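**Student:** Please construct the entire structure, taking both the sequences and the accompanying hints into account.
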Amino acid sequence: VTALLLFALLGADGAPAPVSANAAPAPLVADAAPASVVAGHLGMLALQNASTTRAAVAEVGVGARLPLGGAYSVALAYRGAMRNAGTRVVGVFTTVHRLTAGPRYELRWGRVHFGATLAVAPFLETTRLRGPGLDTETLTTFGPGAELGVDAAVAATAHTSFFVAISGATRRNYVDLLAAIGVAVTL
Amino acid sequence: MRLLAVLLVLAACTPEDDLGPQVVRVLARQGKEYELRDELLTTLESAREVRGGSGTVRGGGSIVVEETLLEGDLARENSDDVQQSVLVSGDAAITADYVHDGEVLVPRDYETLLVFTFYRHLERALAFYDDLGAPRRALQPFTAFFYVRFTTTLAWGAPLVSDNAAYAPLDDAMLLFPSMGLDEGVPLCANEGVVAHELSHGLKHRILHPDTRDLVYADESWDRVAVNSYRSDDEGLADFFAAVFTGDGNFITASVPERDLDRDLGVSRQFSTRLYDNLGDDLLSYNPYALGSALASFLWDTAGPAADDRLALARVAVAALEELRDDLGPGYRITQLIDLIVRRAPITLSERGCAILQSRLEGGFRDVPTCGILQ
Numbered sequence: 001v002t003a004l005l006l007f008a009l010l011g012a013d014g015a016p017a018p019v020s021a022n023a024a025p026a027p028l029v030a031d032a033a034p035a036s037v038v039a040g041h042l043g044m045l046a047l048q049n050a051s052t053t054r055a056a057v058a059e060v061g062v063g064a065r066l067p068l069g070g071a072y073s074v075a076l077a078y079r080g081a082m083r084n085a086g087t088r089v090v091g092v093f094t095t096v097h098r099l100t101a102g103p104r105y106e107l108r109w110g111r112v113h114f115g116a117t118l119a120v121a122p123f124l125e126t127t128r129l130r131g132p133g134l135d136t137e138t139l140t141t142f143g144p145g146a147e148l149g150v151d152a153a154v155a156a157t158a159h160t161s162f163f164v165a166i167s168g169a170t171r172r173n174y175v176d177l178l179a180a181i182g183v184a185v186t187l
Numbered sequence: 188m189r190l191l192a193v194l195l196v197l198a199a200c201t202p203e204d205d206l207g208p209q210v211v212r213v214l215a216r217q218g219k220e221y222e223l224r225d226e227l228l229t230t231l232e233s234a235r236e237v238r239g240g241s242g243t244v245r246g247g248g249s250i251v252v253e254e255t256l257l258e259g260d261l262a263r264e265n266s267d268d269v270q271q272s273v274l275v276s277g278d279a280a281i282t283a284d285y286v287h288d289g290e291v292l293v294p295r296d297y298e299t300l301l302v303f304t305f306y307r308h309l310e311r312a313l314a315f316y317d318d319l320g321a322p323r324r325a326l327q328p329f330t331a332f333f334y335v336r337f338t339t340t341l342a343w344g345a346p347l348v349s350d351n352a353a354y355a356p357l358d359d360a361m362l363l364f365p366s367m368g369l370d371e372g373v374p375l376c377a378n379e380g381v382v383a384h385e386l387s388h389g390l391k392h393r394i395l396h397p398d399t400r401d402l403v404y405a406d407e408s409w410d411r412v413a414v415n416s417y418r419s420d421d422e423g424l425a426d427f428f429a430a431v432f433t434g435d436g437n438f439i440t441a442s443v444p445e446r447d448l449d450r451d452l453g454v455s456r457q458f459s460t461r462l463y464d465n466l467g468d469d470l471l472s473y474n475p476y477a478l479g480s481a482l483a484s485f486l487w488d489t490a491g492p493a494a495d496d497r498l499a500l501a502r503v504a505v506a507a508l509e510e511l512r513d514d515l516g517p518g519y520r521i522t523q524l525i526d527l528i529v530r531r532a533p534i535t536l537s538e539r540g541c542a543i544l545q546s547r548l549e550g551g552f553r554d555v556p557t558c559g560i561l562q
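Just so you know, the protein sequences line up as chains A and B, in that order.
This note's numbering applies: residue 1 is where the first sequence begins, and numbers increase by one.
This note's numbering applies: residue 188 is where the second sequence begins, and numbers increase by one.
Bear in mind the hints are in silico, worked out from the structure with no lab data behind them.
Keep in mind that a hint or two might mislead.
Stated by the list, open to error - The following label-pair restraints were derived from C-beta to C-beta distances:
id, chain 1, residue 1, chain 2, residue 2, range
1, A, Gly69, B, Thr339, 49 to 57 Å
2, A, Gly69, B, Val348, 53 to 61 Å
3, A, Met44, B, Arg324, 45 to 53 Å
4, B, Val348, A, Ala156, 41 to 49 Å
5, A, Phe142, B, Arg324, 28 to 36 Å
If you're wondering where the values come from, they're calculated on a predicted model, not measured in any experiment.
Idealized CB from N, CA, C, for every residue including glycine.
**Tutor:** Okay, structure coming up:
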């Protein structure tokens, strides 16, 4: 997820190479300076749970990437997901919010960009039991976290690219996984 | 980077466990409805792993058909192999997700609420069967595989069974399949009656097969009628015990209010000629619940509305299982069990039961010596 975000933020990297049908593939290079980028994504977040399985929920994220020099940039993102598990009678409503920030490394190969991001990803999680009987208050948990993700992007226009990203982010003793698609715009 | 390393280490730490009996928030029955309630789990040893004197809940396991066929019962060569066979693979200890609210452990995700609730029901159901006189060897802790995925490689690993629960003799374990389609009621694994029902299968197997996980009818050349009779009385007894445990003859409705499963014990049911003829069906197509419901309905009506009488008849049924062990054989019929129960029951219940049988037994079922009901 973080990777997605990061990728979203960082992933759909900046200025794409000029599009030319006749152009020979550019070599994979690491020294191209990423541009400033804003990105958003829609993803499928696999939230790990007590049963050691993961429940799939939708996630959205927005972020930005700012060049640091060389192939490096710094990625910042917000991601949010919501899970309403259970039946009409009983269930648990969960939201997970993450803010991620970390360095990103990027390689370019013509119109295709590859990126990897390692980030701190503190999370804010709220859960609420719903069901007849006891009135259970919403539980709020804030904690540290980390995220590692990779992404690949293809430039669609001079300022726009589409990307796919996968990542894993820690949440307490859990690791949530994210697969996402998104769009990034070079500023 | 140093900060990141610290955060990673912190994130990898296993949460602190709470050992010994705990008060946890669970879903429990109140009348015919269910509600969230704080209850003491007296046999709990590890709250994080949901493990204790009543059983252990495991998560993340799978049953892959091909693996079962190759490594499971088809490949076994002797009883020792059966003892070691593992139906479920890839399972792991639960890590319950909860927070402390004073003395209460409050689940923080849905799965934790369900496994806490399941353990609570398991604990009370075992105490119930203990009170009924089930032998100690049958009351040993059970393993339950929560959200076990039954699948085949042909289905790319997708779960093929959901919204169900089962007892698997080969693993001497309970299988709790994922909840996916039942949205209107209490999840099956959180239904007290369903837990007592599945536990009945396990106890019956342990009583009748004390030395093996294999089924006696798999080793002997039982005819279809015998095997299907065994399977039907398994379901019927389980429904009756669950109804006595919950005090509700239609306990399953709390989980499937939108469906009519026709399992209400309050409905009078004939041991009809059609049910008898169906006993000859092949094992895969035979529906054991129809005859099982006739047995459960008979026992429910024989016991009557008084809780003490229901408990008395349930005790008789448990005792009859122990006696049945010596009578099991290739020619087994459900009426053998009925006869044992009627013969052991207190005189008032026995007479009431025989009167009911006189009106409900048809055709090939009319073979209960105690009542003098013979063809």
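**Student:** Hints first: check each against the structure and report whether it holds.
**Tutor:** Right, here's what the structure says about each hint:
1. Gly69(A) x Thr339(B): 49 to 57 Å: At 53 Å between Cβs, range holds.
2. Gly69(A) x Val348(B): 53 to 61 Å: Holds: the Cβ-Cβ distance is about 55 Å, inside 53 to 61 Å.
3. Met44(A) x Arg324(B): 45 to 53 Å: 48 Å, holds
4. Val348(B) x Ala156(A): 41 to 49 Å: 44 Å, holds
5. Phe142(A) x Arg324(B): 28 to 36 Å: 49 Å, violated
Hint 5 alone, counting from the list given before, is not met by this structure.
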